[in-house]
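Novice: Sequence:
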Amino acid sequence: MKSRYLIAFVLGFASTSHGALLDDWSNDDLCGWMESAATPEYIQKEVLNRKVICYGGVEVSSLPDDKLVTSGVGTTFPSPDPSLIPVTTNDKDKSYSY
Numbered sequence: 008m009k010s011r012y013l014i015a016f017v018l019g020f021a022s023t024s025h026g027a028l029l030d031d032w033s034n035d036d037l038c039g040w041m042e043s044a045a046t047p048e049y050i051q052k053e054v055l056n057r058k059v060i061c062y063g064g065v066e067v068s069s070l071p072d073d074k075l076v077t078s079g080v081g082t083t084f085p086s087p088d089p090s091l092i093p094v095t096t097n098d099k100d101k102s103y104s105y
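The sequence shown begins at 8 in the numbering used here and counts up by one.
Read the hints as simulated data drawn from the structure, not as lab findings.
For clarity, every value in this text was computed on a predicted model and none was experimentally measured.
From the three backbone atoms N, C-alpha and C, an ideal C-beta is built for every residue, glycine too.
All the pointers check out, no bait thrown in.
Okay, the calculated beta carbon distance ranges per label pair: (1) V67 / L91: 26 to 36 Å; (2) T96 / L28: 47 to 57 Å; (3) L28 / T95: 47 to 57 Å; (4) D31 / G63: 16 to 26 Å; (5) P47 / L91: 30 to 40 Å; (6) Y49 / P89: 35 to 45 Å; (7) D31 / S90: 44 to 54 Å; (8) V94 / S33: 42 to 52 Å; (9) P87 / A45: 23 to 33 Å; (10) G63 / I92: 19 to 29 Å.
From just these sequences and the hints, can you work out the full model?
Specialist: Here it is as structure tokens:
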């Protein structure tokens, strides 16, 4: 009789958990990961499932207007600042020794 109680007691602690991996994560936690260069696929899927809009590592209700640059083909990117583009020179007349 005592062994039945012991078995029931042990099985009570050995039960499986039915919660999902990211259920206890906040939307800001997920958005923080979305800023990473190597965001895991399961976090990307969770953000899509929750329909979260992330900007700057936190959840926002909408994207700023300057970030909504699109065209008929897809997203377009603004041109870089011309002062940041290095000036190229012709290297034909230079001799190099490698």
